[in-house]
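Please build the complex by placing chain B on the supplied structure of chain A, with the hints as guidance.
Protein chains: 2
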Amino acid sequence: METIGFIGTGHLGYPIAENLLRAGYSVRIYNRTREKALPLEDLGAVLVNSPEETAVQGGIVLSLVADDAAVRAIATDALVAALGTNGIHVSMSTVSPDISRELAAHFQQQEVAWVTAPVFARPEAAAAKVGNAVISGEASAKERIKPLLQAGFAKNIFDLGTDAGSANVLKLMGNFMIAGAIELMAESFALAEKNNVDPRVAYDMLTSTLFSGPIFKSYGAMILDRKFTGNPAFSAALGLKDMDLVLQTARKSYTPMPIANLVQSRLTTVLAKDTHDADWLSLAMGALEDAGITK
Amino acid sequence: METIGFIGTGHLGYPIAENLLRAGYSVRIYNRTREKALPLEDLGAVLVNSPEETAVQGGIVLSLVADDAAVRAIATDALVAALGTNGIHVSMSTVSPDISRELAAHFQQQEVAWVTAPVFARPEAAAAKVGNAVISGEASAKERIKPLLQAGFAKNIFDLGTDAGSANVLKLMGNFMIAGAIELMAESFALAEKNNVDPRVAYDMLTSTLFSGPIFKSYGAMILDRKFTGNPAFSAALGLKDMDLVLQTARKSYTPMPIANLVQSRLTTVLAKDTHDADWLSLAMGALEDAGITK
Numbered sequence: 001m002e003t004i005g006f007i008g009t010g011h012l013g014y015p016i017a018e019n020l021l022r023a024g025y026s027v028r029i030y031n032r033t034r035e036k037a038l039p040l041e042d043l044g045a046v047l048v049n050s051p052e053e054t055a056v057q058g059g060i061v062l063s064l065v066a067d068d069a070a071v072r073a074i075a076t077d078a079l080v081a082a083l084g085t086n087g088i089h090v091s092m093s094t095v096s097p098d099i100s101r102e103l104a105a106h107f108q109q110q111e112v113a114w115v116t117a118p119v120f121a122r123p124e125a126a127a128a129k130v131g132n133a134v135i136s137g138e139a140s141a142k143e144r145i146k147p148l149l150q151a152g153f154a155k156n157i158f159d160l161g162t163d164a165g166s167a168n169v170l171k172l173m174g175n176f177m178i179a180g181a182i183e184l185m186a187e188s189f190a191l192a193e194k195n196n197v198d199p200r201v202a203y204d205m206l207t208s209t210l211f212s213g214p215i216f217k218s219y220g221a222m223i224l225d226r227k228f229t230g231n232p233a234f235s236a237a238l239g240l241k242d243m244d245l246v247l248q249t250a251r252k253s254y255t256p257m258p259i260a261n262l263v264q265s266r267l268t269t270v271l272a273k274d275t276h277d278a279d280w281l282s283l284a285m286g287a288l289e290d291a292g293i294t295k
Numbered sequence: 001m002e003t004i005g006f007i008g009t010g011h012l013g014y015p016i017a018e019n020l021l022r023a024g025y026s027v028r029i030y031n032r033t034r035e036k037a038l039p040l041e042d043l044g045a046v047l048v049n050s051p052e053e054t055a056v057q058g059g060i061v062l063s064l065v066a067d068d069a070a071v072r073a074i075a076t077d078a079l080v081a082a083l084g085t086n087g088i089h090v091s092m093s094t095v096s097p098d099i100s101r102e103l104a105a106h107f108q109q110q111e112v113a114w115v116t117a118p119v120f121a122r123p124e125a126a127a128a129k130v131g132n133a134v135i136s137g138e139a140s141a142k143e144r145i146k147p148l149l150q151a152g153f154a155k156n157i158f159d160l161g162t163d164a165g166s167a168n169v170l171k172l173m174g175n176f177m178i179a180g181a182i183e184l185m186a187e188s189f190a191l192a193e194k195n196n197v198d199p200r201v202a203y204d205m206l207t208s209t210l211f212s213g214p215i216f217k218s219y220g221a222m223i224l225d226r227k228f229t230g231n232p233a234f235s236a237a238l239g240l241k242d243m244d245l246v247l248q249t250a251r252k253s254y255t256p257m258p259i260a261n262l263v264q265s266r267l268t269t270v271l272a273k274d275t276h277d278a279d280w281l282s283l284a285m286g287a288l289e290d291a292g293i294t295k
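Chains as they are written, first to last, in our numbering: chain A, 1 to 295; chain B, 1 to 295.
Just so you know, the hints here were simulated from the structure itself, not pulled from any lab data. Be a bit skeptical, because a hint or two may be false.
Copies of the same chain look alike in the list, so a pair counts if it fits in one copy or across any two.
What the hints assert, rightly or not - Listed next, the in silico DMTMM-like pairs over lysine to aspartate or glutamate satisfying Cα-Cα at most 25 Å (straight line):
{"no.": "1", "residue 1": "194", "residue 2": "277"}
{"no.": "2", "residue 1": "194", "residue 2": "138"}
{"no.": "3", "residue 1": "146", "residue 2": "159"}
{"no.": "4", "residue 1": "217", "residue 2": "274"}
{"no.": "5", "residue 1": "252", "residue 2": "163"}
{"no.": "6", "residue 1": "217", "residue 2": "204"}
{"no.": "7", "residue 1": "227", "residue 2": "198"}
{"no.": "8", "residue 1": "194", "residue 2": "163"}
{"no.": "9", "residue 1": "194", "residue 2": "244"}
{"no.": "10", "residue 1": "129", "residue 2": "102"}
Predicted model, so just to flag it, every value in this text is computed and none were measured.
Bound conformation, chain A alone (with noise of 0.2 Å):
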């Protein structure tokens, strides 16, 4: 079966990169630390020392990294050499739209697509294949990456058209959406608290009727039962990146964003208090907190 490369074995690519290899692919594997990929030798996975060198001429290499600098870090013009005509880069990291324009501008002069692909899913979730992609790039190239990202992780595709910068704006949207149902699970929670209403009956209910998607299912179990910290699946510092991206890209758009700056500003107070290994969830714990909630 095909070749593929994989950059960035983290919480989020270590399952995708698995599910690839369980699905027949031959996968040429780099992560900055070695340590981490090893188990995926047994499974087949060749590991490498260098970005470019997970790529094969014309073949597609996807890669999931932390942030804007680590991005520019692995799609050098080396990558763009290895990759060569017909070649073809999905970026998987929730960074800004403005980095993905810039690079994908730069690979398509050189005749190397550039798809951007984040991840909608936790870590359980890739690994279950029911995440979901939403996608931006150059047509055809978008077609042939499809059945990787199936093979990998999602379940469902959103295609936003040509534009490399759409999908990370999708995905920022989605993100904040996230954190900001957090924080408002946590303000209606800590009202509960205060006022004699069992906040499990109120989850029951809300959850069930108005708000009963996977997001209020799932988070708001998580603030009942106080699942901040541990062995985080996506963590505060992450969350915290991701606000500063929606800040950064609502703030070169001119588009006021009352709510990100809110939860933007309760993922510092949980690093500002170095919670060790807190999940971005934990910026739940300002609302109840300042009510003066501690357990």
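Frame of chain A; chain B shown alone:
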């Protein structure tokens, strides 16, 4: 069939009273503006001239009025006397938990039961009997009135125990979360529009996956269609009253709720601009207009 009383045939009370009449109840109706209730005579309603005239001894009276002052104006000693021992007053209004607790205690001293049962439904949902009820109050009275709630508007009934104020708190939590969800979507759609992302594709993605509950689906579609004014199902003035109640309850219990402050401010701006017939959904105009989006 049983004779019941009904006080308040406004936007929401009217379809509920109509459902009760169609279900076969004999309904004695009082509305401050008598003409609005007149069409219900064709269905057999008996219109009376005071709240207490709706009651029969030992019977049930349901009320659905605008605010705390209106509840106090109808839940008089004359109503207590007219209901008498084994009578029940079902207070369906969205009001403060404090007034429910105060009046419930006063009614119970005179052996009239009080059940708080606010309505989670816009008028069309109440008419279709797919609304949700949250109830709190005296146990046997709650059992006795459940069939009325089901015949009137409720698909589901959630029981919050014996404290007459608890159901009000949950109703306020729910309305706060709806208002917060409207603001979240408005900020998010503004970001999309300012960054070349079609908000309808974003809406489709978000409401078919992460935010698949009915609030995001229905209000999200209305925001995209700019259905802000014209025969409002739930007016901005009533929405502001509810956010006032949320913040008053939050203030008394020392619960800081920054999103509640924000949506209260948004609704205040809607009313400052004297927007004719504004639905409370028009709080979404704040984030859109602040971003320079005027259509």
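Outcome of the hint check:
no.	hint	in the structure
1	194 with 277	neither (28 Å within a copy, 35 Å between copies)
2	194 with 138	between (53 Å within a copy, 22 Å between copies)
3	146 with 159	within (10 Å within a copy, 47 Å between copies)
4	217 with 274	neither (28 Å within a copy, 38 Å between copies)
5	252 with 163	within (17 Å within a copy, 50 Å between copies)
6	217 with 204	both (9 Å within a copy, 20 Å between copies)
7	227 with 198	within (18 Å within a copy, 35 Å between copies)
8	194 with 163	between (48 Å within a copy, 14 Å between copies)
9	194 with 244	between (32 Å within a copy, 17 Å between copies)
10	129 with 102	neither (30 Å within a copy, 54 Å between copies)
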